[in-house]
Amino acid sequence: MPAPVPFDPDAIASAKLIVRPAKDGVTIKRTICSTCDIACSVVTESKQGRVVKVRSSDNPIFRDNICMKGIIAPKAFAHPDRILHPLKRVGERGSGQWEQVSWEDAMSDIGQRLKKVITEHGPEAWAVSTSQWNTATDHGLGRRIMNHVGTPNWISGVALCAGNTAAINRLTYGWFPMGDFNNTNCIVLMGHNPRRHSWTPIYNYIRSAQERGAKLIVCDPRKSSSAERADIWLPLKAGSDGAMMFGWLKVIFDEGLYDKDFVANWTVGFEELRKRVDEFPLDRVAKLTGCDPDMIAKAARMYATSGPSIIPWTPITDMQRNSTSAIRLQSILRSVCGYVDVAGGETLQGFNPDIVPESTIEMHEVLSEEQKAKQLGSDTHPAFTYRGQAALREPLKRVWGHEYVNQVTGCYMANPSATFRAMAGEGSYPVKAFFALGNNTVMSYANMPLILKGMMNQDLIVAHEHHMTPTAQLADYVLPGDSWLERPWLTDAFGWMSAYRPSEQSMEPPGEAKSTWEFWKHIANALDRPELVPWETLNDFYDDRLKGTGMSFKELSETTEIYFDKPVFRKYLKTGFATPSGKVELKSSILEDLGFDPLPYFREDPPADPDYPLQMFTGVREDGYFQTAQRQVPEMRKRAPEPQIFVSPGTASEYHLGENEWVTIENQIGKISAQVAIKEAMPDGLVRVPHGWWKPEMQQGAGHLSGALKYSDAQLCRDDEDYLDREQGIPHLKGVPCRIIKSPSGNATKTEAKV
Numbered sequence: 001m002p003a004p005v006p007f008d009p010d011a012i013a014s015a016k017l018i019v020r021p022a023k024d025g026v027t028i029k030r031t032i033c034s035t036c037d038i039a040c041s042v043v044t045e046s047k048q049g050r051v052v053k054v055r056s057s058d059n060p061i062f063r064d065n066i067c068m069k070g071i072i073a074p075k076a077f078a079h080p081d082r083i084l085h086p087l088k089r090v091g092e093r094g095s096g097q098w099e100q101v102s103w104e105d106a107m108s109d110i111g112q113r114l115k116k117v118i119t120e121h122g123p124e125a126w127a128v129s130t131s132q133w134n135t136a137t138d139h140g141l142g143r144r145i146m147n148h149v150g151t152p153n154w155i156s157g158v159a160l161c162a163g164n165t166a167a168i169n170r171l172t173y174g175w176f177p178m179g180d181f182n183n184t185n186c187i188v189l190m191g192h193n194p195r196r197h198s199w200t201p202i203y204n205y206i207r208s209a210q211e212r213g214a215k216l217i218v219c220d221p222r223k224s225s226s227a228e229r230a231d232i233w234l235p236l237k238a239g240s241d242g243a244m245m246f247g248w249l250k251v252i253f254d255e256g257l258y259d260k261d262f263v264a265n266w267t268v269g270f271e272e273l274r275k276r277v278d279e280f281p282l283d284r285v286a287k288l289t290g291c292d293p294d295m296i297a298k299a300a301r302m303y304a305t306s307g308p309s310i311i312p313w314t315p316i317t318d319m320q321r322n323s324t325s326a327i328r329l330q331s332i333l334r335s336v337c338g339y340v341d342v343a344g345g346e347t348l349q350g351f352n353p354d355i356v357p358e359s360t361i362e363m364h365e366v367l368s369e370e371q372k373a374k375q376l377g378s379d380t381h382p383a384f385t386y387r388g389q390a391a392l393r394e395p396l397k398r399v400w401g402h403e404y405v406n407q408v409t410g411c412y413m414a415n416p417s418a419t420f421r422a423m424a425g426e427g428s429y430p431v432k433a434f435f436a437l438g439n440n441t442v443m444s445y446a447n448m449p450l451i452l453k454g455m456m457n458q459d460l461i462v463a464h465e466h467h468m469t470p471t472a473q474l475a476d477y478v479l480p481g482d483s484w485l486e487r488p489w490l491t492d493a494f495g496w497m498s499a500y501r502p503s504e505q506s507m508e509p510p511g512e513a514k515s516t517w518e519f520w521k522h523i524a525n526a527l528d529r530p531e532l533v534p535w536e537t538l539n540d541f542y543d544d545r546l547k548g549t550g551m552s553f554k555e556l557s558e559t560t561e562i563y564f565d566k567p568v569f570r571k572y573l574k575t576g577f578a579t580p581s582g583k584v585e586l587k588s589s590i591l592e593d594l595g596f597d598p599l600p601y602f603r604e605d606p607p608a609d610p611d612y613p614l615q616m617f618t619g620v621r622e623d624g625y626f627q628t629a630q631r632q633v634p635e636m637r638k639r640a641p642e643p644q645i646f647v648s649p650g651t652a653s654e655y656h657l658g659e660n661e662w663v664t665i666e667n668q669i670g671k672i673s674a675q676v677a678i679k680e681a682m683p684d685g686l687v688r689v690p691h692g693w694w695k696p697e698m699q700q701g702a703g704h705l706s707g708a709l710k711y712s713d714a715q716l717c718r719d720d721e722d723y724l725d726r727e728q729g730i731p732h733l734k735g736v737p738c739r740i741i742k743s744p745s746g747n748a749t750k751t752e753a754k755v
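Going by full-length UniProt numbering, the sequence shown opens with residue 1, and the numbers climb by one from there.
For the record, the hints were derived by calculation from the structure and aren't laboratory data.
For each residue, glycine too, the CB sits at the ideal point set by N, CA and C.
All the pointers check out, no bait thrown in.
Here are the computed distance ranges between Cβ atoms for each label pair:
#	residue 1	residue 2	range
1	278	609	30 to 38 Å
2	365	115	20 to 28 Å
3	649	75	35 to 43 Å
4	228	105	55 to 63 Å
5	49	742	50 to 58 Å
6	279	256	17 to 25 Å
7	656	210	38 to 46 Å
8	429	634	39 to 47 Å
9	63	95	46 to 54 Å
Below 20 Å or equal to it, Euclidean Cα-Cα: the simulated SDA-like pairs (lysine to any residue) are:
#	residue 1	residue 2
10	287	604
11	287	685
12	638	72
13	571	403
14	88	456
Can you build the whole structure from these sequences, using the hints too?
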């Protein structure tokens, strides 16, 4: 998710806006790259109204924060296959037959068809999926319109990545913390591996912290580049994050390394937690994780005694069958060691009082309790749904001044699997209209066969996109979206932080491409609800949100790099924590009231299946791509032309696999093709499967989906109960049984037709 603002407020306050002067007809703009989710501050250079270069910021705070994806963005967004005009499906769904229409005609038909679905099936029959790291934001307008219409069924990839982390962290201390990299003494990476071209700012923060003496602990089955630089590397078994955290707590409690005053005065449930931790002696933890018990103890001591320490957010722990407990254990470690809301530790930033947050724009209060109760999945897996977050409404209001706080857009979501089952006609009620904004839905969640069944069962599908993705290929309308070069933006990391950064518009959108703000304004009008988006322009909207600063968006952009209040720590001394008890809940009253174990626990793996002897670890990205995007960019494809699985030399030898050999990876629900890459860093028995593979040059339409049906890892991602987290209902992607089958043809792409 977007990069944390360095907590050196004096340096930020004294830093002048530094922009090299323009020359030779070049226009300079300070902007924020959103090609991926990290949101680097960069500079664009334009000639004759077109961006010709993206370079690193002139401000020393951000100077090294840029990667290949940002640098290549002007060429990527100028790709000849970019969708520039609204397209309407004219053949059968997935036929690949389209006609160009006007925005006016598209919206008129979309509005009529959506109103028909709502009239016949109820407002809850409309679901929306959006990945706001791709669209930068939808400004809170999507939820605002949905809440007024009456549907709670909003889903996002953040259900698997940071949004769910935010929701679960709040069960412990009422907020989603951000680590203070600039002042910390110890950093713990749970499987996360920031690199020069992936999560570049975090990579830079970690390197800077190490240069000034901070310790680095890495827990990762692979010997990643971060593990190579670590003071301690724990090569834990995939999916055993929670067990490792139990081991650390056992050492910390037994050796009295926790903050006794903080625990006594500001936590509840310590004695019950300690009894649960006692169930995890180091010999058991060593068996569960595959790590040496002495090294587990050494890491625990380093974290507890080097502090303040941080455990930065990681997508790895988000995607496990023990995700809720493992995330809670991380939040508990932070708490019992006294690292919450302190400099160098885990900051609880709250809201900036001068700027209207998107949580307010969303207007969750207008959605009735009756409709909230219909949110899909909330009956079985409620953690990040309205039901799961309801007990935080009063505490959030008491501490942070807002009853509904939608951090990282993940705190009031429907459950994705339950939504797709309803789309497929297998739910308690039907979903018959589906919108995807900047979200390649077909490939972005577990159980791709179910998603496809649900998509084919819709009365209306609308995609807001740049390219004809596999999801767009199944839509009724594909509407052209703008890019981060073509719009202004105001970011607070989706409610994670109180510091705001403005991004200037660098060029006009090509063709008829429109922003998410314009998209939702058109939808409000099409639903005969223009009052829901009363602002005339996006800049008017920003000006309204910024009234408390005394500046317009233009003034803020021209004068301010970061708008922030100087941080205040240990705010809980005055307000308490935003939990029902007002304290850090080591034993969660919310989970208990929902009928779940209030203490963290660890579910061991289901019984082994001898037919699937290997373990699959999916979700790892190549540096040149983000999620399912950029595979149409020649420079990126040259670096990674084919999907590759990573295996160890030992696994390659055991299964007679050769470098670059095409194989099939298979489990109980599906199979995909990929090339073999033999990596010394991989442990034996673990197969790294890449995320998001399709080939835009291959044949489009149902039955092909540009290679997604051959390569997409979503076909292997299970969402049956054994492989779901109980509280959230998110899938286990880190250690699913699989097998490798050698491809008799030796080449998976010979017979593929092209568009």
